[in-house]
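**Q** Each chain, letter by letter, is given below.
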Amino acid sequence: MTLFLPIAEVSVNAFALIGIGAIVGFLSGLFGVGGGFLITPLLFFIGIPPAVAVATGANQVVASSISGVLAQLKRKAVDFRMGVVLLVGGFIGSALGIWVFSLLSAAGQVDLFVQLSYVLFLGLVGLMMFQESLRAILRARKAGKVEVRRAHVHTWVHRLPLKMKFRASGLYISVLPPLGVGAIVGFLSAVMGVGGGFIMVPAMIYLLGMPTKVVIGTSLFQIIFVTAFTTVMHAVSSQTVDILLALTLIGGGVIGAQIGARVGVKLRADQMRIMLALLVLAVCFRVGLDLLLTPEEFYSITPGRLP
Amino acid sequence: MKGLFLALLLVASPALANDPGEEIVAGLSQSSVSITADYAGAEILIYGAVKREAPPPRGPTIQVIVTVEGPEGPVAVRRKDRVWGIWQNNAAVEIDRAPSFYAVVTSGPLAQVLSETDDLRHRITIPRAIRSVGIASEADEAPAFVDALQRIRTGDGKYSLREGGVQLTEQTLFRTDVALPAALTEGDYTVRIFLTREGRVVDTIKRRIWVRKAGLERFLYQSAHDWPLLYGLASLLIAALAGWGASALFARLRP
Numbered sequence: 001m002t003l004f005l006p007i008a009e010v011s012v013n014a015f016a017l018i019g020i021g022a023i024v025g026f027l028s029g030l031f032g033v034g035g036g037f038l039i040t041p042l043l044f045f046i047g048i049p050p051a052v053a054v055a056t057g058a059n060q061v062v063a064s065s066i067s068g069v070l071a072q073l074k075r076k077a078v079d080f081r082m083g084v085v086l087l088v089g090g091f092i093g094s095a096l097g098i099w100v101f102s103l104l105s106a107a108g109q110v111d112l113f114v115q116l117s118y119v120l121f122l123g124l125v126g127l128m129m130f131q132e133s134l135r136a137i138l139r140a141r142k143a144g145k146v147e148v149r150r151a152h153v154h155t156w157v158h159r160l161p162l163k164m165k166f167r168a169s170g171l172y173i174s175v176l177p178p179l180g181v182g183a184i185v186g187f188l189s190a191v192m193g194v195g196g197g198f199i200m201v202p203a204m205i206y207l208l209g210m211p212t213k214v215v216i217g218t219s220l221f222q223i224i225f226v227t228a229f230t231t232v233m234h235a236v237s238s239q240t241v242d243i244l245l246a247l248t249l250i251g252g253g254v255i256g257a258q259i260g261a262r263v264g265v266k267l268r269a270d271q272m273r274i275m276l277a278l279l280v281l282a283v284c285f286r287v288g289l290d291l292l293l294t295p296e297e298f299y300s301i302t303p304g305r306l307p
Numbered sequence: 001m002k003g004l005f006l007a008l009l010l011v012a013s014p015a016l017a018n019d020p021g022e023e024i025v026a027g028l029s030q031s032s033v034s035i036t037a038d039y040a041g042a043e044i045l046i047y048g049a050v051k052r053e054a055p056p057p058r059g060p061t062i063q064v065i066v067t068v069e070g071p072e073g074p075v076a077v078r079r080k081d082r083v084w085g086i087w088q089n090n091a092a093v094e095i096d097r098a099p100s101f102y103a104v105v106t107s108g109p110l111a112q113v114l115s116e117t118d119d120l121r122h123r124i125t126i127p128r129a130i131r132s133v134g135i136a137s138e139a140d141e142a143p144a145f146v147d148a149l150q151r152i153r154t155g156d157g158k159y160s161l162r163e164g165g166v167q168l169t170e171q172t173l174f175r176t177d178v179a180l181p182a183a184l185t186e187g188d189y190t191v192r193i194f195l196t197r198e199g200r201v202v203d204t205i206k207r208r209i210w211v212r213k214a215g216l217e218r219f220l221y222q223s224a225h226d227w228p229l230l231y232g233l234a235s236l237l238i239a240a241l242a243g244w245g246a247s248a249l250f251a252r253l254r255p
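Protein chains in written order, with the working numbering: chain S, 1 to 307; chain W, 1 to 255.
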């Protein structure tokens, strides 16, 4: 069954779209990432124009994140206070990112910058998570029992001023680190067209020392607003949000997210982290390959005048 | 004076005697294409006949060329080069006007059907349909960029040349099919039919096909452009409802 998309102006297989939505939704529910870093490359792959893929991907992430957050809410795994602090930072970073993005557009090197950001950040985050979770699994296996760990390790992060109590996370830390993390993620989300969960999740665990059980819900809560902001920005500035495309992706996505959230409860935290690490590294590898391998076609065409 | 008249008559007479006043009478299977949600390409049947005042002359036979051209616009062609080990867009050339769709169908081998001069005058073949005047000053290998445009669009099914695709019966009746691809740009499509003899264009006719989005497609496209803020908020609302709906549904299924 093919579907003609009114904004993207291409005809694609509806089942392929629902499938992509379901896969990304499943992962989003499982890991607490919005899935933007997966959905955007997948949409490129089936022939959706990049601008439409980025904008519509953001819209789809809104839906799967809401579905995911509602599932997490039932388990009381959302730290709203932390979410709002992250969000404030997120909007500041996002505004900055949109400004940088327009500068790069004028220079004609947006594609390269986006690809390099993907490789750099996915590679860095993936490797860090992979190493850490592998070590945790090996330690647990060697000891033969689950190690008793402190809730979090005290670092320089905990010596900063403006302390605030985050009850759901069991933290009493300065608001500056969460604001900073939010800002970095907001910046990247505007430049890379992603929700930023893949950076947010490890930053919350390793930098802020939040317990894994509230990380996913809180990250999803924050992602809803950042991607909603992105969606409206794209709709207003470039009219590249395709409702029909979003609706098809959402159809698969919301169902996938519910199943993912349920499977997530059954998995152990360190197993989940190592799987997310592998997924992030795989996408990083795929994007990196495009930059290094000799392309089959050296030329590309875009309608419109050169800037 | 009389001598001059005779000379003129001598020059003109072979043409007069040979010209049977051939004209094209043509029709299209449809003059409009509606792009709806289930649109997956369309086929246009172009048919017609050659009307004559006199029987066709002996010698070279009549030939037919049909072109279908989509709305045109400027196009940027970029080339990737390896810089510091990474493949990136390095050179770009802007082509003034290139059709978004262009199909040429002929009744015989192009070299026999059309002469170079008439191709130039009527812009019939694919390279002639692409207007790239003054492009040579933009980059060293500018023609390579135009070739790339043709190669990529031919690969996408947007540009095509079918030699021998027009069926011509008894030097009079002709018909051909042109397939419009699934990824189609909205606008007016021009159908041109050329009648040629010995490579020279004898008669030409133009028809128009309206290609428009219809129904839901049209509504969504117009909303996105006319009320972008409202459209953006509506897409958010749909996303929120879908997310909440699925969550509620699953909660009910597995309490």
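Worth flagging that the hints you see were computed from the coordinates, not collected in a lab. Bear in mind the structure is a predicted one, so any value in this text is a computation, not a measurement. All C-beta atoms in this analysis are idealised placements derived from N, C-alpha and C, irrespective of residue type, glycine included. Some clues are possibly wrong.
Covered, in the sense of this in silico footprint (three residues per stretch, anywhere, with C-beta under 8 Å from a C-beta of chain W), are these stretches of chain S [claimed, not checked]:
hint, segment
1, 2–11
2, 57–66
3, 285–298
Quick partial rundown of chain S residues pointing at chain W, CB under 8 Å, derived from the structure [said to hold, decoys possible]:
hint, residue
4, E132
5, L138
6, V232
7, A246
**Q** Hints first: check each against the structure and report whether it holds.
**A** Okay, the hints, checked on the actual structure:
no., hint, verdict
1, 2–11, "holds (count 8)"
2, 57–66, "holds (count 7)"
3, 285–298, "holds (count 8)"
4, E132, "violated, 29 Å"
5, L138, "violated, 35 Å"
6, V232, "holds, 4 Å"
7, A246, "holds, 6 Å"
Consistency with the previously given hints fails for numbers 4 and 5, ordered from lowest to highest.
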